[in-house]
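Trainee: Given only the sequences and the hints, what does the whole structure look like? Please build it.
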Amino acid sequence: MMKFRGAFGSLGTLLAFLVPVTAVAWVLSIPQRMNFLIYPEQVAALMLGAAMCVVYCRGATDAKTPLRFVIDTVLALSSLILGLYVYVRFPVLTEGAHLYPVEGLCLGIVVSVLVLEGLRRVVGWTLVIITLAMFAYAWWGNYVPGPLRGRGLEFSDVMRFVGTDSAATWGSALQIASFVVVIFVLFGGLLLAVGGGDFFTQLAMRVAGRGPGNTAKVAVVASGLFGSISGSAVSNVMSTGVMTIPMMKKAGFRSDQSGAIEAVASTGGQLAPPVMGAAAFLMAEMLQIPYRHILLAAIIPALLYYLSLYAQIDFIARRDGHGSAALMSDEKLRQVLIKGWLPLLSFVVLLGSIFRWNLRAEVAAIWALGLIVSVALIGWVLRRQGPALSPKDIAKGTAKTGGQVCDVLLICAAAGMIIGLLSATGLGFSLSLYLIGFGGQNLFGLLVITGLVGIVLGLGLPTTGVYLLLATMAAPALIQIGVPQLAAHMFVFYFGMLSMITPPIALAAFAAASISGAPQFKTGLQAFKFGWIAYLLPFLFIYKPAVLMVGEWYEICYVFASSLIALLLVSSGMIGHGVTRLTLPMRGLFIVIGLLMIAPLKEIGPDVLEYSVSGLGLAMLVGYFLINRQTQEVQTPLVD
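Counting with this note's numbering, you get residues 1 to 640 for the letters of the sequence shown.
In case anyone wonders, no lab produced these hints; they're calculated from the structure.
No false leads were slipped in.
Derived DSBU-like pairs (lysine-lysine); straight-line CA-CA distance at most 35 Å:
{"id": "1", "residue 1": "Lys522", "residue 2": "Lys250"}
{"id": "2", "residue 1": "Lys332", "residue 2": "Lys396"}
{"id": "3", "residue 1": "Lys396", "residue 2": "Lys64"}
{"id": "4", "residue 1": "Lys250", "residue 2": "Lys332"}
{"id": "5", "residue 1": "Lys529", "residue 2": "Lys249"}
{"id": "6", "residue 1": "Lys332", "residue 2": "Lys392"}
{"id": "7", "residue 1": "Lys339", "residue 2": "Lys249"}
{"id": "8", "residue 1": "Lys602", "residue 2": "Lys529"}
{"id": "9", "residue 1": "Lys400", "residue 2": "Lys250"}
{"id": "10", "residue 1": "Lys249", "residue 2": "Lys400"}
{"id": "11", "residue 1": "Lys400", "residue 2": "Lys332"}
{"id": "12", "residue 1": "Lys400", "residue 2": "Lys64"}
{"id": "13", "residue 1": "Lys400", "residue 2": "Lys522"}
{"id": "14", "residue 1": "Lys332", "residue 2": "Lys249"}
{"id": "15", "residue 1": "Lys400", "residue 2": "Lys339"}
{"id": "16", "residue 1": "Lys339", "residue 2": "Lys392"}
{"id": "17", "residue 1": "Lys396", "residue 2": "Lys339"}
{"id": "18", "residue 1": "Lys250", "residue 2": "Lys339"}
{"id": "19", "residue 1": "Lys64", "residue 2": "Lys392"}
So the derived label-pair ranges between C-beta atoms look like this:
{"id": "20", "residue 1": "Ser390", "residue 2": "Gln335", "range": "23 to 29 Å"}
{"id": "21", "residue 1": "Pro66", "residue 2": "Ile378", "range": "47 to 53 Å"}
{"id": "22", "residue 1": "Asp607", "residue 2": "Arg629", "range": "28 to 34 Å"}
{"id": "23", "residue 1": "Glu285", "residue 2": "Val74", "range": "33 to 39 Å"}
{"id": "24", "residue 1": "Leu371", "residue 2": "Leu616", "range": "48 to 54 Å"}
{"id": "25", "residue 1": "Leu303", "residue 2": "Val456", "range": "25 to 31 Å"}
{"id": "26", "residue 1": "Ala133", "residue 2": "Leu37", "range": "34 to 40 Å"}
{"id": "27", "residue 1": "Gly96", "residue 2": "Leu132", "range": "27 to 33 Å"}
{"id": "28", "residue 1": "Cys557", "residue 2": "Gly211", "range": "24 to 30 Å"}
{"id": "29", "residue 1": "Ile38", "residue 2": "Ile109", "range": "22 to 28 Å"}
{"id": "30", "residue 1": "Leu609", "residue 2": "Leu452", "range": "26 to 32 Å"}
None of the values given here were measured: they were computed from a predicted structure.
Ideal placement from N, C-alpha and C gives every residue a C-beta, glycine not left out.
Mentor: So this is what it looks like as structure tokens:
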């Protein structure tokens, strides 16, 4: 059996390598250039079959008993056969499934079983249960009382729909994951392989400087840079946290604070351009807008998120006496940029291709990939110092990417089933009407309900899964009562991410706790406190759309400036310290004025009310810093 285990390990590695290669070939239109007429659903089916086979090959390799090995072997081979079968038969079945009812029925059953079992292995039971509940509604929706009553579909019709229709399993969710997300994960993996990780760390050290609590500030900047490439909060924690968390603890931060800071910083990577998370690409597809619009909309929220965390670290360091720690390197910023020229140039190529030449995001990523691979191979051939990767290294990095994206492909396949069934049964429309009725046309109430649902769903689902569900079920209700599409989708995107730092199941915080050694729940509570602004930002998307770069330039500048002043006031009030310790009344005043500055006062009163509160907040902040500066100057002894 050991011999067969090795064979399945090799098969899994080969297929993991082929998944990103297939994505690159499709994005470059290689099949079309060779005059092959291929549907995108066919290629997505091949990639999903390969991804499921990789998952089951892992199980076969790690099987403890002969029975488990046999089961995983059958599932792995079945997944591979399924992908090839759909590739061959999809053009026939998508047009004439009614002509082959038994074949369509069997295909739907096999697809459902393989996807749900693979999903259970990679993300647990939550999404599996939700998908099964959607199947149950499709079959027995006519027994549901009230406004959500459905019409009930035949078992065979549902299974044929799932297995053969391009609006279900093989639809846009799986295609975006296959042809866009895979490309960007490959870009991030190879970027780190040519020194991107060291470049990000050194750049973070230069940006953080030598002020109070600079070790924690390094963690914020480094994790934000890493996260903008990886798009995964937990993997970001595990990759950067092993270095940053011990640094913070050594500098004097408590274990729970160190873990929480890393968790919040890593989670924010899903919000930070240029790559963000997989959900951002799905958002661009669902809204049918260029990805660059999503990038622009995300800039100010990401800045506010990280500036809030940065300010809290500074205030805590001043309060608790955490001075400036010596960093690992004394290189100047210019030297860091010169050494990291390839990662820096790859970003320039990526963003230039998106914004200057209006290329699709995945095509721009391939241009940046081409630069990285070309330079790395030249460096390897010339045996020179600097960025260098052998063909074997590149193949290993590509295979590693394939293994990482298996989870996303399975999640998006299940999400495609759910989205398709929501449409086929009419539940999506009924649910939107129900939410509108439940909210009583009260926008704020509907927003609160949607946010709570997002956090609850996120307790057991990754951000991508939560976003797809909420974008299908809740966002249409928001749009129907007048919320702009981009604001509605950004709202559910943010609340889908917040479960990573929201107790009781704060996955990113718990991952950080495993490194810091602090209690998990205590770390989760600290992460919740450090990330406070992320719970308010989504409401700004609705009531102050200028935060999403929507509106005139002066509106955008005003919203950013007022939000920045507000986060400084609230953060210092919560911590009880700014540049100096705050009295209890001053803390309360700072928090109240800061929250009022964030609140949409224009919705409940004249414009002058909001501008007056913003002016008061600015005067308070400036006055506070000027008074303390003068006090410090008076207390500083003169030196002859």
